[in-house]
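Visitor: Okay, here's what each chain looks like letter by letter:
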Amino acid sequence: MFPYLPHTDKEIKEMLSDIGVDSIDELFADIPAKIRFKGELKLPQGQSELEVYTRLKTLAENNQQAVSFLGAGNYDHIIPSTVGALMGRTEFYTSYTPYQPEISQGVLQAIFEFQTLMCELTSLQVSNASLYDGHTAASEACALAVNSTRKTDTILYSSTIHPYTKQVLETYFEDLKIKLVELPEKEGVLDTDSVKAQLGDNVAGLLVQSPNIYGNLEDYTGLSDLLHEHKSLLIVSSNPMALGAIKSQGEWGADIAIGDTQPFGLPAYYGGPSVGYIAATEKLLRKMPGRIVGQSVDEDGKRAFVLTLQAREQHIKRERATSNICSNQALAALGNTIYLATVGKEGLKELAEQNMQKAHYLAEKLQKEAGVKLAADQPFFNEFTLALPKKAADIAGAMEADGIFAGVPLNQLDASKPDNLLTVAVTEKRTVEEMDRYVQSIKGALK
Amino acid sequence: MFPYLPHTDKEIKEMLSDIGVDSIDELFADIPAKIRFKGELKLPQGQSELEVYTRLKTLAENNQQAVSFLGAGNYDHIIPSTVGALMGRTEFYTSYTPYQPEISQGVLQAIFEFQTLMCELTSLQVSNASLYDGHTAASEACALAVNSTRKTDTILYSSTIHPYTKQVLETYFEDLKIKLVELPEKEGVLDTDSVKAQLGDNVAGLLVQSPNIYGNLEDYTGLSDLLHEHKSLLIVSSNPMALGAIKSQGEWGADIAIGDTQPFGLPAYYGGPSVGYIAATEKLLRKMPGRIVGQSVDEDGKRAFVLTLQAREQHIKRERATSNICSNQALAALGNTIYLATVGKEGLKELAEQNMQKAHYLAEKLQKEAGVKLAADQPFFNEFTLALPKKAADIAGAMEADGIFAGVPLNQLDASKPDNLLTVAVTEKRTVEEMDRYVQSIKGALK
Amino acid sequence: MSTQLKNKLIFERSREGRRGFRVPDLDVPARKPEEMVDKKYLRVNETVLPEVSEVDVIRHYTRLSQKNYCVDLGFYPLGSCTMKYNPKINEVTAALPGFAGMHPLQPQKTAQGILELMYDLTERLCEVTGMSWGTLQPFAGAHGEFTGMKFFKSYFKKRGDFGRTKVLVPDSAHGTNPASAHISGFDVVEVKSNEKGMVSVEDLKQHLDENLAGIMLTNPNTLGLYEEDIGEIAELVHEAGGLLYYDGANLNAIMGKSRPGDMGFDVVHLNLHKTFSTPHGGGGPGSGAVMVNKKLEPFLPAPTVRKRGSEYYLDHDIPDTMGRISGFYGNIAVLVRAYTYILTMGYDGLKRASELAVLNANYLKEKLKGRYFLPYDRVCKHEFVLSAQKMKDAYGVNGTDVAKALLEFGIHAPTVYFPLIVHEAMMFEPTETESRESLDNFIEVMHEIADLAEKDPDKLHEMPTSTPVRRVDQVQAAKHPVVRWQPE
Amino acid sequence: MSTQLKNKLIFERSREGRRGFRVPDLDVPARKPEEMVDKKYLRVNETVLPEVSEVDVIRHYTRLSQKNYCVDLGFYPLGSCTMKYNPKINEVTAALPGFAGMHPLQPQKTAQGILELMYDLTERLCEVTGMSWGTLQPFAGAHGEFTGMKFFKSYFKKRGDFGRTKVLVPDSAHGTNPASAHISGFDVVEVKSNEKGMVSVEDLKQHLDENLAGIMLTNPNTLGLYEEDIGEIAELVHEAGGLLYYDGANLNAIMGKSRPGDMGFDVVHLNLHKTFSTPHGGGGPGSGAVMVNKKLEPFLPAPTVRKRGSEYYLDHDIPDTMGRISGFYGNIAVLVRAYTYILTMGYDGLKRASELAVLNANYLKEKLKGRYFLPYDRVCKHEFVLSAQKMKDAYGVNGTDVAKALLEFGIHAPTVYFPLIVHEAMMFEPTETESRESLDNFIEVMHEIADLAEKDPDKLHEMPTSTPVRRVDQVQAAKHPVVRWQPE
Ligand SMILES: Cc1ncc(COP(=O)(O)O)c(C=O)c1O
Ligand SMILES: Cc1ncc(COP(=O)(O)O)c(C=O)c1O
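Protein chains in written order, with this note's numbering: chain A, 1 to 447; chain B, 1 to 447; chain C, 1 to 488; chain D, 1 to 488.
Hints listed in this document are in silico derivations from the structure and should not be mistaken for laboratory results.
Errors might be hidden in some of the hints.
What the hints assert, rightly or not - DSS-like, lysine-lysine: derived pairs with alpha carbons at most 30 angstroms apart: (1) C/K166 <-> C/K295; (2) A/K390 <-> A/K368; (3) B/K349 <-> C/K8; (4) D/K369 <-> D/K455; (5) D/K196 <-> A/K38; (6) B/K390 <-> B/K349; (7) D/K196 <-> A/K177; (8) C/K67 <-> C/K459; (9) B/K177 <-> C/K295; (10) A/K373 <-> A/K391; (11) C/K192 <-> C/K392; (12) D/K459 <-> D/K390; (13) B/K38 <-> B/K13; (14) D/K39 <-> A/K429; (15) B/K57 <-> A/K349; (16) A/K196 <-> D/K39; (17) B/K302 <-> C/K369; (18) C/K459 <-> B/K179; (19) C/K369 <-> C/K459; (20) A/K186 <-> D/K39; (21) D/K8 <-> C/K367; (22) D/K8 <-> D/K67.
Construct all of the structure, not just a fragment, from the sequences and the given hints.
Guide: Given below as structure tokens:
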């Protein structure tokens with residue numbers, strides 16, 4: 001008995017007879033005997049909800065949580081109650097891709113709002129309906145740079161971008177006759193002097209990140225001009241929560257802005273789902289990857305929203321599409337939209353500032369009271385990197401016993417990084433007591 | 001800053017000026033100075049969602065749970081996932097009482113379905129939109145009996161009804177010139193022989209319960225005839241889950257059926273909300289307490305549902321109303337409806353049978369392996385009462401240490417009951433391992 | 001969707017043999033009911049419970065839900081109902097499994113969290129009302145009124161004062177007031193309102209005799225007016241040996257501004273599903289918590305929550321208790337929401353809520369009184385009452401027509417034909433959670449309706465036309481009541 | 001509701017100074033951003049983020065939601081999309097805080113529950129597909145295809161076989177197939193279908209040379225037909241040194257009946273958001289898990305979940321890995337749902353689901369083919385394709401018209417204009433969760449539309465008329481793209 005299978009025996013019989021066959025097996029007779037699956041799949045039998053729930057609950061409880069200072073692309077922020085309430089509307093979460101605009105204005109308008117929000121935050125002109133995550137968004141952005149510049153074969157990127165972004169880029173471009181060139185860092189930020197040396201007409205774009213993997217803010221003054229002289233594009237990846245306070249990609253003159261919107265109302269959920277956002281200058285619109293919602297009118301002249309510029313996409317353009325992406329992260333982007341609508345203009349500012357204030361409180365306290373050092377003397381947002389006198393993993397391990405996830409040992413993301421670097425994230429959720437406990441705990445761990 | 005208060009300062013100013021006053025205080029100037037509240041309420045300041053949530057979560061975690069064999073009117077049954085999903089539809093839970101049928105067909109139709117389900121389960125003809133709980137439903141049923149019989153001043157009830165029902169009845173009738181007469185029990189069930197002695201034309205009705213407070217099933221053969229001879233009404237209270245297997249009120253010839261629908265998809269929630277159900281014979285319809293949904297047609301002749309027979313109710317009849325009830329337990333009744341639709345005809349039967357099977361398994365095992373005795377040798381559904389050689393509260397206390405809530409010591413509900421009686425409920429959720437652990441645990445406790 | 005799938009009852013979707021739920025496999029010996037219990041105890045009747053799949057259930061009730069208006073879709077200017085926004089965080093806290101899974105009879109030392117919440121909530125409600133302790137057990141306002149009346153009864157019984165059988169209720173009172181007094185064994189006597197819409201002190205004085213048990217009042221009253229003589233009324237009633245009961249349905253007007261306790265009331269019920277933002281659920285569950293002053297505390301229903309050292313417990317040992325009024329301890333899940341709300345709002349937020357509720361009501365009143373007749377033209381509190389009588393006389397458009405026209409415009413109707421002292425009454429309560437533009441939209445619509453009344457009244461009689469059903473035949477429903485579905 | 005409140009963007013509801021969210025009070029010293037960070041790093045631009053209350057947010061998106069169709073409201077006969085019912089228990093388990101709160105970089109010993117789930121799920125998906133291990137990281141089907149192509153690349157690179165640059169894709173394939181092959185650095189070559197709607201073995205043979213990397217197929221194919229020559233095709237491709245990629249979007253037809261591994265495929269992607277019942281979310285997130293046979297296991301993307309003794313861990317140490325394909329480990333919340341579904345259904349339920357999906361499709365096909373042209377008339381699997389070409393020629397009613405007419409009747413449209421090899425294609429996939437009466441209702445409506453096409457085609461061109469908006473001008477949208485709201 002399966003609650004999602006509505007057919008009664010009587011109905012099955014009648015339907016078979018209407019089809020003109022005697023048994024369901026007959027409907028599978030076209031499967032060649034040789035490759036037909038005989039026997040039964042080696043899986044347990046179906047179970048009741050209670051049994052299934054009990055199993056899943058046990059699994060969930062086999063995970064442990066602690067006061068978290070983990071970041072590196074995934075953060076523990078407040079999620080307003082509106083987000084869950086509205087994402088839980090079945091009209092949103094059980095609907096298909098809005099290919100039929102007449103009965104999909106809910107999703108379409110929400111995505112149009114999402115696009116607007118991303119444009120606003122990044123200070124750029126166009127955006128799409130979402131990409132998978134911030135890391136794959138980087139690959140798409142670089143591909144966009146290659147596709148929208150002429151005769152280019154090289155992408156430059158800063159060594160300060162997230163190591164996982166780097167690794168995803170490598171996989172993506174490995175077989176595409178596109179060279180990836182890493183630019184060095186200096187004191188925890190991109191060494192901007194190195195850009196010039198690598199620039200040439202073959203360079204499609206430069207990918208940088210701020211706040212970068214250390215949490216440091218980078219200074220891109222003059223960078224877009226320099227790139228534009230070579231018809232290269234500037235791609236800036238940013239934690240969007242930071243954009244409530246720090247200079248946005250558009251303000252730096254970037255052509256493409258990317259990042260990951262997990263901080264905007266999405267649970268950490270072991271890394272997914274989140275959303276890769278992308279925004280760009282107007283002229284890149286027709287090369288953008290992924291779905292885009294546009295405004296139009298219906299037959300009565302009423303404002304209506306619709307998927308547009310589909311000629312870019314794989315279901316029309318097939319191998320000549322700007323990207324292969326089809327399903328995206330729509331529901332999560334809706335979550336971002338609800339989040340931003342809820343916290344609003346002032347709320348986002350305040351939250352961004354609190355992140356900064358709290359991170360600075362902890363960073364200073366650690367330096368003063370625990371005698372630890374920052375890896376570099378650079379400005380930061382809500383994340384900073386400690387250069388510890390011991391292995392970061394050991395310190396973090398010791399602090400775990402105090403119920404604290406102390407941060408991300410950077411060599412865990414990139415084995416080539418020194419093993420004493422610990423990146424610590426402090427969001428608005430961390431209280432002064434938790435931070436003070438952190439300081440006590442690390443003091444103990446360092447002894 | 002309060003997220004539910006949308007007014008900006010500018011708007012407030014403009015609105016005040018439109019009203020023609022200078023300040024909000026002016027709008028309160030009609031409160032006589034003598035009794036105006038000065039100063040501020042001694043409550044903390046408003047807080048953010050995160051702070052409030054943290055406080056509530058802490059409180060929730062200060063409650064402990066265990067494998068539960070607690071019953072006595074509130075049971076640990078499976079709640080299908082459909083119930084929460086649909087009760088969580090905001091169109092249901094944030095709507096008002098369906099006084100405007102044109103925009104309330106959702107709630108109205110669901111209640112009409114609820115009424116139908118209650119009629120079906122009880123084998124009676126009419127039902128209402130819900131009462132508060134099973135205990136207050138008993139008072140309403142007795143009042144209905146008084147109001148629909150002539151020149152009566154007495155209600156008989158069995159000593160085997162839930163002690164809390166009894167206590168609620170006493171409070172209700174204490175000031176109403178209605179006599180409550182308790183009939184004795186014999187071997188854990190109503191002594192039916194005692195009925196005759198108390199019957200007379202002054203008796204409005206007899207209230208009995210099966211399964212009764214001990215869990216025992218009672219035999220009402222001939223009872224309704226006897227009562228009807230005196231124009232008295234038979235009121236039978238039943239755990240509605242039991243009605244999936246045991247004789248329904250209508251089948252016993254009852255005039256009024258009542259009970260508490262908590263077992264049908266409602267969380268235990270420390271006792272509330274649940275629903276008091278009431279069903280009755282057709283001829284009692286116009287004396288029924290509470291709201292009733294009826295079927296009608298709209299101006300286009302389309303089937304439509306509407307609150308009906310409102311002339312019975314307080315907002316029309318005022319002090320001559322059949323009851324004072326206004327708000328009821330509508331959303332919980334919706335939950336019951338969804339529950340019953342989901343488990344369906346066969347599901348309810350199966351569930352009822354499993355309850356019976358499991359309770360019998362444990363009862364027999366306890367007798368065989370732990371050497372404990374049942375308080376009476378009577379048929380039962382999913383609950384039975386042990387007569388222990390020690391105080392029931394002590395045994396239950398000892399078993400708590402094994403992570404088991406062993407049952408309800410009956411003298412906790414009614415101090416006049418012997419202190420060695422423990423009522424044990426076994427639902428379909430209890431597994432054979434849990435029951436075997438129960439047996440081990442009680443053996444230890446009895447040592 | 002074609003009619004084949006639309007507008008059915010769940011029973012009409014049933015297909016023999018279809019299932020929507022899997023019962024866990026039985027892990028004890030399978031025995032037939034008749035092997036466990038004598039047949040005479042077993043059910044014979046088949047039920048027509050639906051036989052549907054999970055998909056059927058979800059689609060059926062999801063579609064049904066879309067035929068329903070609600071606060072999350074728009075404005076309810078529904079007087080006497082305080083249909084304010086129901087915050088989402090309340091739903092989150094109420095769903096915490098640490099609360100939801102609790103059995104009411106589990107040992108109290110394993111229930112310290114919920115008991116603390118109940119204690120804390122009682123304390124806070126006492127502070128808001130100016131009372132001394134209370135009970136959270138009443139399931140709704142009317143149940144709270146009944147409890148209040150039982151306080152009256154217990155008090156006089158304790159004093160051996162058995163002649164006090166009369167409870168005064170103003171003619172403007174909600175129907176539950178006289179009904180509750182009546183079912184509690186009191187005789188109800190109506191007190192008249194004066195020309196200002198307030199309790200007539202003159203009339204009141206006629207009833208102050210040795211049979212007086214007390215008076216039930218709401219303040220602001222159901223016209224939304226603050227009873228200016230409340231101080232004198234309280235004194236008079238007390239002097240006459242009576243008690244004062246406060247119907248707290250209208251508390252939303254005066255939080256932090258004026259407390260029933262300070263006005264002289266002895267017992268107060270609150271509708272937590274109004275003032276304290278818990279959702280109405282299509283008619284319930286609510287909570288009618290009752291607060292009392294020291295004088296009445298000895299008569300609290302059993303049990304009541306108390307604290308001893310750091311331990312919370314349910315006190316069953318109340319010698320003069322009125323007895324038990326409900327099975328367990330009330331609608332606990334509703335209490336969790338109300339408590340969450342009070343924490344969120346704080347003293348400052350509650351006061352601000354009342355201020356803005358009153359601001360909104362006065363704003364609406366001023367903007368509507370030009371087009372609709374305002375029988376009592378003075379500053380109102382959280383609500384006010386208009387009359388459609390003149391419109392009815394002039395154009396044949398009555399309160400119901402206005403109400404139904406609003407539905408056509410996507411707005412809920414006001415409360416109509418209550419209070420009874422105003423002909424063709426329409427009672428408007430905007431609450432504090434409606435924004436300026438929501439009110440302005442409403443005003444615009446109300447003006448449009450007034451225009452239509454003058455120009456095209458028939459159009460109003462037709463309305464609504466675009467709702468899931470049109471006006472429903474109430475007469476047929478009551479004449480030939482069909483209160484359950486019947487299989488063919 | 002009057003237009004004043006209707007149909008606005010959230011930005012158009014904004015009021016300066018309004019707030020919908022309270023930030024917790026700051027508990028560390030308040031410092032201005034410019035006191036912490038040099039001004040040059042700070043944002044100057046104001047944003048037009050909305051300024052609205054919580055009430056505004058809830059009403060806005062609740063109303064928006066009601067402008068959207070969804071599976072919980074009705075039938076989606078949407079070919080290639082497997083819009084089956086999304087069970088509610090999946091949502092319950094996915095919401096468990098023990099999963100939702102996990103950081104992807106928290107120590108693995110504190111993540112044993114989720115790792116076990118991922119391990120277990122991988123194992124079960126391998127059993128269903130007949131493969132040996134896999135990755136759950138791909139975020140969607142297309143991402144899975146990309147991953148599959150990277151398996152091809154890695155495999156040939158490992159063998160030093162650098163000339164294999166060509167991937168074959170049938171002309172009936174989904175657009176993501178060629179696109180994925182292309183962005184992975186392959187040249188895409190189209191293989192023709194034969195007159196039966198199946199891959200032409202003749203044509204295939206033309207392409208079997210030393211440049212062949214492999215072929216991408218779905219089976220049943222996009223016409224819903226089981227590729228009868230699949231055994232031979234696999235042999236041919238393998239003999240030519242190529243690999244076989246299975247697009248698992250159509251797996252719902254054959255669970256427990258036929259396994260891609262047994263057919264000869266080397267790599268398989270699954271759309272967990274189709275076959276395994278996770279909701280589509282208005283376009284995502286999904287999951288495109290990829291399973292491979294032993295031959296390709298060495299090239300798995302890093303990390304992959306493994307077990308050592310009783311401990312689960314993420315293995316980053318894969319010498320021949322293709323590298324990293326996503327930031328963390330995929331759409332974990334989707335995996336929890338899919339796993340829940342597999343537990344619920346079991347081997348017996350999955351098989352039954354496929355049987356009934358195929359039953360439903362054949363039933364629909366038989367009932368519609370009298371009125372609509374069925375280009376490939378044979379037993380189908382989970383879906384089938386009709387053509388509106390004849391209708392278009394005869395009455396000027398095309399596939400879009402039929403699709404839009406369905407919307408008018410409250411049913412979602414089929415997939416239209418795909419696969420490309422059928423003119424005016426309309427692709428129907430009923431899935432197993434539609435009941436007999438849902439199908440019969442659909443058939444009735446389709447017949448009504450066919451009648452209208454003959455009798456009153458203009459009426460069809462007008463449809464839909466009762467949807468929240470009518471047909472939308474796509475040309476204007478693409479010609480003058482407006483992809484964001486602009487403040488006035
Ligand atoms: C003034 C007044 N008193 C009492 C009540 C009764 O409250 P309840 O419906 O919760 O029983 C109401 C409800 O509308 C009311 O408006
Ligand atoms: C046959 C086929 N392959 C691949 C895909 C792509 O899957 P996704 O949208 O998850 O990327 C689809 C989706 O519609 C499909 O139908």
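Visitor: Now look at each hint and say whether the structure bears it out.
Guide: Outcome of the hint check:
For a cut-off of 30 angstroms, the pair hint linking C/K166 to C/K295 stands: about 20 angstroms separates their Cα positions. As the CA atoms of A/K390 and A/K368 are separated by approximately 18 angstroms, the hinted pair is consistent with the 30 angstroms bound. Pair hint B/K349 plus C/K8 holds up; C-alpha atoms about 25 angstroms apart against a cutoff of 30 angstroms. Straight-line distance between C-alpha atoms of D/K369 and D/K455 comes to about 19 angstroms, which keeps the hinted pair within the 30 angstroms bound.
A distance of roughly 27 angstroms separates the Cα atoms of D/K196 and A/K38; the hinted pair therefore holds under the 30 angstroms criterion. For the proposed pair B/K390 and B/K349, the alpha carbon gap of about 37 angstroms is over 30 angstroms, so the pair is violated. In summary, the hint linking D/K196 to A/K177 is not supported, as the alpha carbons are separated by about 40 angstroms, beyond the 30 angstroms threshold. For the suggested pair C/K67 and C/K459, the alpha carbons sit about 23 angstroms apart, so the restraint of at most 30 angstroms is met.
Between the alpha carbons of B/K177 and C/K295 the distance comes to roughly 26 angstroms, so the proposed pair stays at or under 30 angstroms and holds. For the given pair, A/K373 sits about 14 angstroms from A/K391 by alpha-carbon distance, which is consistent with the 30 angstroms threshold. For the hint linking C/K192 to C/K392, the alpha-carbon distance of about 26 angstroms falls within 30 angstroms, and the restraint holds. For the suggested pair D/K459 and D/K390, the alpha carbons sit about 18 angstroms apart, so the restraint of at most 30 angstroms is met.
Taking the CA atoms of B/K38 and B/K13, the gap is near 24 angstroms; set against the 30 angstroms cutoff, the hint holds. Restraint check for D/K39 and A/K429: satisfied, since their Cα atoms lie roughly 25 angstroms apart, inside the 30 angstroms limit. Simply put, B/K57 and A/K349 have alpha-carbon atoms about 28 angstroms apart, close enough for the 30 angstroms limit, and the pair holds. The hinted pair formed by A/K196 and D/K39 meets the criterion: a straight-line CA distance of about 25 angstroms does not exceed 30 angstroms.
Of the pairs offered as hints, the one joining B/K302 and C/K369 is violated, with about 37 angstroms between alpha carbons and a cut-off of 30 angstroms exceeded. Simply put, C/K459 and B/K179 have alpha-carbon atoms about 57 angstroms apart, too far for the 30 angstroms limit, and the pair is violated. Restraint check for C/K369 and C/K459: the C-alpha separation of about 23 angstroms stays at or below 30 angstroms, so the hint holds. For the given pair, A/K186 sits about 21 angstroms from D/K39 by alpha-carbon distance, which is consistent with the 30 angstroms threshold.
Distance hint between D/K8 and C/K367 is fulfilled; the C-alpha atoms sit about 25 angstroms from each other, no more than 30 angstroms. Using a Cα cut-off of 30 angstroms, the hinted pair D/K8 and D/K67 holds, with the two alpha carbons roughly 13 angstroms apart.
Of the numbered hints stated above, those contradicted by the structure are hints 6, 7, 17 and 18, listed in ascending order.
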